[in-house]
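Full structure from sequences and hints, please.
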Amino acid sequence: MRHTRLLLALFLTLLAACDRGSTGPSDGRFGSFQGRWDGDPWHGLSYAVMDGDTLQIVGHRPDPKVYYDEFVVARIRFTGPGVYPVSGRAGHLSKLVGGDAGYFHDAGGTVIISGHDARERTVTGSVSLVADRADPDWRVDGTFSAPVYLDYRDVPRVRPFP
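The sequence shown runs -16 to -1, 1 to 146 under mature numbering (1 follows the signal peptide of the UniProt record, and there is no 0).
The following label-pair restraints were derived from C-beta to C-beta distances: (1) S129 / G23: 21 to 29 angstroms; (2) D84 / S110: 29 to 37 angstroms; (3) R137 / A102: 19 to 27 angstroms; (4) R13 / G66: 20 to 28 angstroms; (5) G86 / H27: 14 to 22 angstroms; (6) D84 / G64: 36 to 44 angstroms; (7) D47 / D101: 28 to 36 angstroms; (8) A102 / Y52: 33 to 41 angstroms; (9) P25 / T94: 17 to 25 angstroms.
Since the hints were made in silico from the structure, they are not lab data. C-beta: ideal position from N, C-alpha, C; glycine also.
Written out as structure tokens, the structure reads:
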């Protein structure tokens, strides 16, 4: 009986030590995205997800008063700091209204990765995207500092800004 309790305690200790958070920054955080959307100031949250050799960078601005979100997304084949073209299928600018309606446009442009810390799982840089199928065109230019997650499930849930 005593041996069983010891094994149970060991199992529970090991189970508690297992944490999917090991695939992302330990503090479950977001970074920041600062820039302009069609010339207007745009400030949001940022994060990145590394999936194989693809890095997806996300800027997200939730509105605290109404259910309205804007997203900036760029996917690149990541090899380290440098300049990356973003094809129209690898970039997106989106406006989500009310949770069930929205405007979603492919966007092309450039991502510049100016810093990457693999140990700390962070990436910094800038992005410039144009959705030329929007009417009128949508344009986003900004800088980001983002934590890098290795699994989409580890990205924290977004809460509106205070």
